[in-house]
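K.L.:
First to last, the sequence lines map onto chains A and B.
Read in the UniProt record's numbering, the first sequence has 97 at position 97, and its numbers run on one by one without any break.
Read in the UniProt record's numbering, the second sequence has 143 at position 143, and its numbers run on one by one without any break.
You can trust all of the hints, since none of them are fake.
With a cut-off of at most 30 Å between alpha-carbon atoms, the simulated DSS-like pairs for lysine-lysine come out as follows:
1. B:K32 with A:K297
2. A:K124 with A:K114
3. A:K49 with B:K197
4. A:K51 with B:K32
5. A:K49 with B:K2
6. B:K195 with A:K49
7. B:K195 with A:K51
8. B:K50 with A:K49
9. A:K51 with B:K196
10. B:K50 with A:K51
11. B:K32 with B:K219
12. B:K32 with A:K270
13. B:K107 with B:K169
14. A:K234 with A:K114
15. B:K32 with A:K49
16. B:K219 with A:K270
17. A:K51 with B:K193
18. B:K196 with A:K49
Label-pair restraints from in silico Cβ distances:
19. B:E90 with A:E39: 45 to 53 Å
20. B:E236 with A:A35: 42 to 50 Å
21. B:N29 with A:K270: 13 to 21 Å
22. A:A35 with B:D150: 51 to 59 Å
23. A:D70 with B:N29: 26 to 34 Å
24. B:E147 with A:Y345: 47 to 55 Å
25. B:E108 with A:P61: 42 to 50 Å
26. B:R18 with A:I381: 42 to 50 Å
27. A:R311 with B:E147: 42 to 50 Å
28. B:R18 with A:A35: 31 to 39 Å
It is worth saying that the hints were derived from the structure and are not from the lab.
Yeah, the Cβ is synthetic: ideal placement off N, Cα and C, and Gly gets one too.
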Amino acid sequence: MELSLSNEQQMIVDMVRRFVREEIVPLEMHLDPDADQLESDDRERLVGKVKEMGLYGLDIPVEYGGPDIDVVTRTLMAIEMSQHRAGLYAPCYGVFGGAGLAQLFEASDAQKEKYLYPTLRGEKRGFFGLTEPSGGSDPARAIQTRAIQDGDDWVINGGKIFISGADKADFGLVFARTGGEGRGGVTCFIVDTDTPGFHVRRIVHTLRSAHYATELQFEDMHVPAINILGQLNKGFAIANDRLSRQRIPYSAGCIGVAVKAHEMALEYSKQRETFGAPLSNRQAIQWMLVDNEIDIKQATWLTLEAADRARRGDSFRKEAAMCKIVATESAGRVVDRAMQIHGGYGVTKDFPLERWYRELRIRRIGEGPNEVQRHIIARDIIGAGLR
Amino acid sequence: MKVLVAAKRVVDYNVNVRVLSDESGVDLNNVKMSVNPFDEIAIEEAVRLKEAGQAEEVIVVSVGTSACQEQIRTALALGADRGILVETDEEVQPLGIAKVLKAIMDKEQPEIVIAGKQAIDGDNSQTGQMLAALGGYGQATFASEVELGDGTATVTREIDGGLETITVKLPAVITTDLRLNEPRYASLPNIMKAKKKPIDTYTPADLGVDVTPSIKTLKVSPPAERQAGIVVETVEELVDKLKNEAKVI
Ligand SMILES: Cc1cc2nc3c(=O)[nH]c(=O)nc-3n(C[C@H](O)[C@H](O)[C@H](O)COP(=O)(O)OP(=O)(O)OC[C@H]3O[C@@H](n4cnc5c(N)ncnc54)[C@H](O)[C@@H]3O)c2cc1C
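The whole structure should be built from the sequences, with the hints applied where relevant.
P.N.:
Right under this line is the structure:
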């Protein structure tokens, strides 16, 4: 059992850490506290640097020219990349390349050319349209959006809610009912956002102010049959493995934010004096710092274990669910304590804490709410028959 | 031409060090260690000389415990060709390091040695100068620009109140100042290649060098805590305080 980083992993981590500290954080000081984009010339300059580092397009498979990085190293990098104000939802403002929608890796070659690779190169944006007003935890049962075949096309009617970034996307994945009830009757379609009948009904404002979720409506939207992703009525079968895999970087992002918040709290508690002594001399504060340390450590090891199982090709569904729960919940606690230690300053927009505090709250709901993750684990340890 | 670069393993510049309770030194337990930032500039300068076709080989040397291999690997990932570790568990001091470097120079016969102007741990700023004196080489310290000529190097030095330009004969020792260059990031392919680059290991005894410390540390103590600042109301008040309280004017 090897629990320490290899020399190469350490160098990569050091390199990314330096990049975040020296390139991203200084620029951030001049941006709006809720910004999730860099000025375009800064962006281009940094993308250039990342390309020189050989790290651009982190999630592009090696055979398509992406860097050769295993899941564990990728996870270690993700922990570094989120250590700045916008880092949770916009790690390094995307200068390491776009994130592909996991399901597109299972697409046909033609679909990959048209949608996946442009996204990974940062040229196109996609949305993921699963949740409907009828419910997101158990979409297999809840989906009411319908697709009906009409010659070579499918005609889609219905709507979606909470869909991130659909107003700025070029295309998206829309899950619609094509058969009977339950998971066996749902198909995934790739939909271009300029398709007639595709409407962004409204922006749904959330506590994540920089980023808007949208409500979508589809009215007699014609989508060609070649845009079916995977097989008819097997929309849920595709990329199950990749969906669990996505929970690993999702957890890593939370850990990075927690690491930074904890670092800030440690430093501040040593400087700030009350009643004639630094806060760090008080046991009440020390215990908060100790709990932060423990929270970060447990989240890190659980996440790295899930990543390591994925790297070795072992099943990691349960481990991914565990790290998703622990990382999202513990990061929330760490930021909450860091905020408390900072007192009034903690809730000002002069510090990134208030942004992390808001955004982290979403993380217990997004990417499969934590109750559903617990359900996955329960099924694993009690039996698959569990509903 | 061969370029020799010296790289020291030091506490990372982001770490706030803590003095040990027995005042014998600072606590290095679980502390992040890195390449001395001035030495990173030295590595960068050497690699640029190679990229410009002015140097054929860049050799990086580190003196210290076996853990210094990490710093050598970092230098290899930044573009150095091979490494030399002179391994010792002794506390290494400027004179000891200078003697080791002199022995390596005798062995490798480089035309240029580039080192940091100081290491951020001891802030001694002595090693480069001692090495030049031991070997009778030219020396150009605090360099902010280096240009190679035929058997010479023309170096712009950062000195109090301005810049000085000197030409030294090779072989020479150059020490780097902050503005000499901006070190690059390592790249993923180079990090992977660094794995395969050779590192030779010697002990000081192999080189016939005695690195026994010549300076004894009596006590290490943290700098005095700074007093909190105050806001003054008027210029008169400021002048008064500077004159009568701080007694600086
Ligand atoms: C900012 C934001 C962005 C989002 N982006 C997207 C997106 O891009 N694409 C997309 O498709 N969706 C997106 N979502 C939707 C998100 O995935 C859903 O909100 C989530 O799946 C939960 O669904 P729901 O809101 O309908 O809650 P419900 O399914 O109604 O669940 C309500 C609560 O009950 C709990 N619960 C459910 N079942 C059980 C059970 N069996 N036992 C115990 N508790 C249970 C849930 O955990 C939850 O806490 C986003 C949401 C937000 C807030």
